[in-house]
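Engineer: What follows is the residue order along each chain.
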Amino acid sequence: MTDVGYVVAGWGITVVVLAGYYARIVVRTRRASRSSGQR
Amino acid sequence: MSHHDARETRLLGPRVSTGIGWGALVALVLLGLFGLWGAPPDEVQGDAQRLMYVHVPTAWLAYLAFFVTAIASALYLWPRTRARVWDRLAGVSAELGVIFTGLTLVLGSIWGRAVWGVWWAWDARLVTTAVLFFLYLGYLALRRTSGDPSVGAKRNAIAALIAFIDVPIVHFSVEWWRTLHQQATVFNPRLSAEISGVMAWTLWLSVLAFTLLYVFLLDRRYRLAALEDDLDDRELDRAIAARVADAQPAGMASS
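For the record, the sequence lines run as chains E and V.
Numbering (my numbering) for the first sequence: 20 to 58.
Numbering (my numbering) for the second sequence: 3 to 257.
Keep in mind the hints are simulated off the structure, nothing from the lab.
Every clue listed holds true.
If the Cβ cut is set under 7 Å, some of the chain E residues that face chain V in the computed set are:
1) D22
2) V23
3) Y25
4) V26
5) A28
6) G29
7) W30
8) T33
9) I44
10) R47
11) T48
12) A51
13) S54
14) S55
Covered stretches of chain V, as calculated for chain E (at least 3 residues, CB under 8 Å):
15) 54-63
16) 103-112
17) 208-222
18) 225-238
The model shown is predicted, which means the values in this text are computed figures rather than measured ones.
Where a beta carbon is used, it is the ideal one built from N, C-alpha and C, also for glycine.
Could you build the full structure based on these sequences and the hints that come with them?
Structural biologist: See below:
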């Protein structure tokens with residue numbers, strides 16, 4: 020793999036992990052808000 | 003401690019949280035532009051050095067997140083400041099710390115493969131960081147065990163303070179032992195940043211962007227934890243009420 024390939028892999032993994040974590044928080048918060056009757 | 007104290011559901015006001023979220027997004031976009039294109043490639047490492055702009059801030063945030071966990075745990079253990087908010091904050095910050103430590107290890111491994119030719123080396127910095135990851139993974143597992151909530155929270159706080167001992171060991175490992183991993187570029191004992199120009203301020207931008215992201219995620223994750231705690235409390239209240247109703251004599255229940 021070239022240097023650029025390693026850089027793209029590293030940055031890509033970072034974006035996917037952090038975006039996925041945030042999306043999971045959003046989904047769970049909506050579900051919990053619905054269950055507790057809060058907004 | 004009662005189940006019903008400290009109903010704080012947010013760390014930050016909604017406007018502040020949204021502002022920090024947008025600030026983080028703008029800073030991260032700028033970081034992408036400068037980290038991938040604007041900053042020049044390193045004279046020795048070439049483009050592979052661009053991994054520094056994600057590896058260094060994730061490592062910094064691992065330190066920061068575990069520091070917040072340690073402070074919140076100490077505030078929980080201190081009887082005068084004991085409140086559920088500190089226990090909850092310790093837990094959510096540790097979760098973020100584990101994610102950032104995991105990313106640090108993965109990014110370091112990729113960077114190591116690019117410049118050292120190996121994915122892993124039994125190097126002091128790498129080993130102590132892996133130990134840090136598993137220590138806090140264990141802490142998060144400990145938090146999920148059942149039992150008396152206040153006893154559990156005290157036990158978790160003590161575990162978090164013990165685990166934090168590894169943070170300075172990780173940081174100073176490159177000074178204490180001769181390692182393959184390079185010494186600290188910025189936060190070194192000489193306090194002289196061994197980086198300058200566009201590369202230096204792109205590195206500072208990365209630290210700022212990821213710190214804003216950490217604060218934003220911490221607030222959102224805390225709100226989720228508060229909501230889920232509230233649901234658990236309500237479920238417990240319903241179970242207790244049902245048990246009390248079952249225990250009452252049939253005549254009293256119907257009167």
